[in-house]
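Chemist: For reference, the chains in residue letters:
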Amino acid sequence: MTRSFPIVALALAGLIAASSAKDLTMGFIYVGPKDDYGYNQAHAEGKAGVSRLPGVKTVEEASVPETIAVQESMKNMIVQDGASVLFPTSFGYFDPHILKVAKQFPKVQFLHCGGLYTEGKHPKNVGSYFGYIDEAQYVCGVVAGHMTKSGKLGFIAAKPIPQVLRNINAFTLGARGANPKITVQVIFTGDWSLPVKEAEAATSLIDQGVDVLTCHVDSPKVIVQTAEKRGIYSSGYHASQAAIAPKGYLTGAEWDWSHVYGNYAKSIQAGKSLMDGGIPHVVRGGLKEGFVKISPYGPAVTEEAKKDAEAAKAKFMSGSMVIFKGELKDNTGAVVIPAGKEMKQQDPELEKMNYLVERVIGSTKG
Amino acid sequence: MVADSGGTARRRICFCIQIDMSDSDSTVPESVAAPAAKAGLRRISLPRWRGKLEAVALPAGAIVVSLVLFGLFCAANGKNPFAVFASIDKAAFGSWYAFQNTLVRAAPLMLCALCTAIPIRLGLVIIGNEGALVLGGLCATIIGLKMPSASPASVHIAMALTGAVAGGVWIAAIGALKHYRGVNETICSLLMNYIAIALLSQAVNTWIKDPASLNKPSSYPIPDEQMLQPLGETSIHWGLIFGLIACGIAWFLMQKTTFGFKVRTIGANIRAAQIAGISVGPITVMACFLAGMCPGLAGMVEVAAVQGSANEALNAGYGYSGILVAFLARQNPLGCILISTLLGGLLASGGALQRDHQLPDATILVFEGIVFVVILYSESLYGRWRFFQERTV
Chain A
1 MTRSFPIVAL ALAGLIAASS AKDLTMGFIY VGPKDDYGYN QAHAEGKAGV SRLPGVKTVE
61 EASVPETIAV QESMKNMIVQ DGASVLFPTS FGYFDPHILK VAKQFPKVQF LHCGGLYTEG
121 KHPKNVGSYF GYIDEAQYVC GVVAGHMTKS GKLGFIAAKP IPQVLRNINA FTLGARGANP
181 KITVQVIFTG DWSLPVKEAE AATSLIDQGV DVLTCHVDSP KVIVQTAEKR GIYSSGYHAS
241 QAAIAPKGYL TGAEWDWSHV YGNYAKSIQA GKSLMDGGIP HVVRGGLKEG FVKISPYGPA
301 VTEEAKKDAE AAKAKFMSGS MVIFKGELKD NTGAVVIPAG KEMKQQDPEL EKMNYLVERV
361 IGSTKG
Chain B
1 MVADSGGTAR RRICFCIQID MSDSDSTVPE SVAAPAAKAG LRRISLPRWR GKLEAVALPA
61 GAIVVSLVLF GLFCAANGKN PFAVFASIDK AAFGSWYAFQ NTLVRAAPLM LCALCTAIPI
121 RLGLVIIGNE GALVLGGLCA TIIGLKMPSA SPASVHIAMA LTGAVAGGVW IAAIGALKHY
181 RGVNETICSL LMNYIAIALL SQAVNTWIKD PASLNKPSSY PIPDEQMLQP LGETSIHWGL
241 IFGLIACGIA WFLMQKTTFG FKVRTIGANI RAAQIAGISV GPITVMACFL AGMCPGLAGM
301 VEVAAVQGSA NEALNAGYGY SGILVAFLAR QNPLGCILIS TLLGGLLASG GALQRDHQLP
361 DATILVFEGI VFVVILYSES LYGRWRFFQE RTV
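Chains as they are written, first to last, in our numbering: chain A, 1 to 366; chain B, 1 to 393.
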């Protein structure tokens, strides 16, 4: 076979195959299984949605670790399947893996979930997209604040990093709006997928009187299951977990990736690209833009809670809602946002969040 | 005496489970006592090829059986098994492009496997590969970051030495605890994995954290020009060369030197070794040190050739896969090369099965599981067939 310049030759063959078929081939890579009731499932559902569009072909690989394996998977999709757009969805794929492969295949577009693109520093064929899921978490917080009887909410989170802290804080602010007396107890497990620790954390929170549980881990499955088994309420994350907690599932903060991927597919089919500037390198959106949504309310949710949640949602939809505004204190009493200051969602300061707001029990030290 | 008991001891030591039970087992003293009788027999024995044939035929047969079992699994899932096999072959070994993919994945496995394969000759079942890799990668990064203006070659040498020594000390500590304090080496090495991973996590979250790495806490990056470059036009990195060399050295050391002979003697019968005047403690610690150097080096390569910084992606399970490789290779360092390549190929084909056949991502794990179980089962068949027994008349 073509042993001398195999990659170049195969890459060319792949590109020719892709362009002559006229089908747009999109490749999706997930770090975990597609049916994890969480992060990866949300992306796989997005992929399933976009694959129904005319003229779009999709390929996918699940459980690809953040090692050289993902570089090989990307190359294989380009070379063997003729993919011209890739969505390697795990945050950890970006640096160095996507950056390295993107340099080798300058005509292929790499779209990454998470938000690290820096103009001038990163290749032009790389873009990033992400959603303001803290808006959905805020609405979930409103529901949770209404539904709790003990006033104790529980939040099981992976790591004290800005994205996660932002969700905890938004959820807490939503809940505080509904019931100023609530507390949110946080437990950090230390990593994205540690089912045993997550189950232990859920059990210990419930033993301490927590009666609504939510989370930010890759797969909320075991947490929602534990909550249902112990007869308390749960609020989901990433995808809908309603199926595993038919009684206690209140609502959940979900991604709507099929909407986002559909938009990308349409732009690319219309001839736009990252390289010619037709597609922006950084794409963001919240409830209003259809990037995130909340799960349908579960049977336990009261009318009053629904009404308040819908009111909050309507404010997000109209663009008049600001979650992080002064005066805001952290849980050590220090003022983190002074009175009168509003931080809109696109404020870069929010992406560096390093505090937990008042009435959260826990520490950013983990 | 030396050469002969070496020959018999080697066959005894091949399989770790035997070793593990050897302290109380009556078979081992026989292996030390037997050489005189064996030496007498050997003069009149026919050429000894049947044992070698057995050592090839059993694993090969095991692979055929596992292919049949996996084929049934695919058929049960409504896929044509032959098309699936063709995909695996194509994605793993079908072209130079695919084979590079296989070799890249095999490289860390070779190095990690040695961490189990060497101490097992001492009779120690050490599974601290992951910890040694993580620690090697972490320490190599720390040193690499301290030399921002040094030439790439000196950075690589310093990083490689640091990574290897860090891994070596980590595993040597396990050997020392075992020999001097009687701590169970398997449990100890397993738990030390968690300590190493926690150290990495602590380091990248605090001591060496790059403040720009907000959502994926990482160390400061190694500058691009100081990274280990791939070999020529390929995607293969230096890890493969290190792996091949390390496996070669390990084989030579274990089979052809007095050090290796002492190690094997300790593994066969520690009392006999002590009576023979072998200094068991230092040799145990030294062999463990050498074993730990290999995954430590793998960790350095992972940082310097792949990741570019230390972060929790270092803890990707290469160490645990290395344990499997060591067992499947029957603790033979050269066998580790072969098995790592096979496993690397399987891992490389996992994606193709998902993309070409819409099989679930766990399919390749099912296949791996079948291969491992069948190969391990085949171990129990050694010596069962008369055909493979050496004729002595």
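Please keep in mind that the hints were generated in silico from the structure rather than gathered at the bench.
Heads up, some of the hints might be wrong.
[What the hints assert, rightly or not] For lysine-lysine, the following DSBU-like pairs were computed, each having C-alpha atoms within a straight-line distance of at most 30 Å: (1) A:57 <-> B:90; (2) A:272 <-> A:341; (3) B:79 <-> A:57; (4) A:34 <-> B:79; (5) A:365 <-> B:146; (6) B:146 <-> A:100; (7) A:344 <-> A:313; (8) A:313 <-> A:124; (9) A:124 <-> B:79; (10) B:209 <-> A:121; (11) B:90 <-> B:79; (12) A:329 <-> B:90; (13) B:209 <-> A:344; (14) A:247 <-> A:272; (15) A:344 <-> A:181; (16) A:103 <-> B:90; (17) A:229 <-> A:288; (18) B:79 <-> A:100; (19) A:272 <-> A:152; (20) A:315 <-> A:325; (21) B:90 <-> A:100; (22) A:197 <-> B:79; (23) A:272 <-> A:306; (24) A:103 <-> B:146; (25) B:209 <-> A:352; (26) B:52 <-> A:365; (27) A:197 <-> A:344; (28) A:307 <-> A:365; (29) A:341 <-> A:329; (30) A:181 <-> A:293; (31) B:146 <-> A:121; (32) A:352 <-> B:146; (33) A:325 <-> A:307; (34) A:34 <-> B:90; (35) A:107 <-> B:79; (36) B:79 <-> A:103.
[As the list claims (entries may be wrong)] Cβ pair distances, simulated, as ranges: (37) B:186 <-> A:280: 37 to 47 Å; (38) B:223 <-> A:280: 48 to 58 Å; (39) B:362 <-> A:199: 37 to 47 Å; (40) B:362 <-> A:352: 35 to 45 Å.
Note that CB positions come from ideal geometry on N, CA and C, so glycine has one too.
Chemist: Now look at each hint and say whether the structure bears it out.
Modeler: Verification of the hints:
1. A:57 <-> B:90: At roughly 22 Å apart (the allowed maximum being 30 Å), residue 90 of chain B and residue 57 of chain A satisfy the hint.
2. A:272 <-> A:341: 38 Å, violated
3. B:79 <-> A:57: 21 Å, holds
4. A:34 <-> B:79: 20 Å, holds
5. A:365 <-> B:146: 27 Å, holds
6. B:146 <-> A:100: OK: residue 146 of chain B and residue 100 of chain A at ~24 Å, within 30 Å.
7. A:344 <-> A:313: Holds - the C-alpha atoms of residue 313 of chain A and residue 344 of chain A are around 16 Å apart, at most 30 Å.
8. A:313 <-> A:124: Violated - the C-alpha atoms of residue 124 of chain A and residue 313 of chain A are around 36 Å apart, more than 30 Å.
9. A:124 <-> B:79: Distance of about 41 Å is beyond 30 Å: violated.
10. B:209 <-> A:121: Holds: residue 209 of chain B and residue 121 of chain A sit about 20 Å apart, inside 30 Å.
11. B:90 <-> B:79: Answer holds: residue 90 of chain B to residue 79 of chain B is near 17 Å, not above 30 Å.
12. A:329 <-> B:90: 59 Å, violated
13. B:209 <-> A:344: Given that 30 Å is the threshold and the Cα spacing comes to 28 Å, the pair holds.
14. A:247 <-> A:272: 46 Å, violated
15. A:344 <-> A:181: 26 Å, holds
16. A:103 <-> B:90: 26 Å, holds
17. A:229 <-> A:288: Roughly 35 Å between the alpha carbons, so the hint for residue 229 of chain A and residue 288 of chain A is violated.
18. B:79 <-> A:100: 35 Å, violated
19. A:272 <-> A:152: 50 Å, violated
20. A:315 <-> A:325: 15 Å, holds
21. B:90 <-> A:100: 25 Å, holds
22. A:197 <-> B:79: 37 Å, violated
23. A:272 <-> A:306: Distance ~41 Å between residue 272 of chain A and residue 306 of chain A Cα, so the pair is violated.
24. A:103 <-> B:146: 28 Å, holds
25. B:209 <-> A:352: With Cα atoms ~15 Å apart, residue 209 of chain B and residue 352 of chain A stay inside 30 Å; holds.
26. B:52 <-> A:365: Answer violated: residue 52 of chain B to residue 365 of chain A is near 59 Å, above 30 Å.
27. A:197 <-> A:344: Roughly 35 Å between the alpha carbons, so the hint for residue 197 of chain A and residue 344 of chain A is violated.
28. A:307 <-> A:365: Violated: residue 307 of chain A and residue 365 of chain A sit about 37 Å apart, past 30 Å.
29. A:341 <-> A:329: It holds: about 13 Å lies between the C-alpha atoms, which stays within 30 Å.
30. A:181 <-> A:293: It holds: about 27 Å lies between the C-alpha atoms, which stays within 30 Å.
31. B:146 <-> A:121: Holds - the C-alpha atoms of residue 121 of chain A and residue 146 of chain B are around 24 Å apart, at most 30 Å.
32. A:352 <-> B:146: Within the cut-off at roughly 27 Å; holds.
33. A:325 <-> A:307: 23 Å, holds
34. A:34 <-> B:90: Judged against 30 Å, a Cα distance of about 25 Å means the pair holds.
35. A:107 <-> B:79: 34 Å, violated
36. B:79 <-> A:103: With Cα atoms ~37 Å apart, residue 79 of chain B and residue 103 of chain A exceed 30 Å; violated.
37. B:186 <-> A:280: 37 to 47 Å: Given range 37 to 47 Å: violated, Cβ gap about 54 Å.
38. B:223 <-> A:280: 48 to 58 Å: Between residue 223 of chain B and residue 280 of chain A, where Cβ atoms are some 30 Å apart, the hint is violated.
39. B:362 <-> A:199: 37 to 47 Å: With Cβ atoms ~22 Å apart, the hint is violated.
40. B:362 <-> A:352: 35 to 45 Å: Between residue 362 of chain B and residue 352 of chain A, where Cβ atoms are some 38 Å apart, the hint holds.
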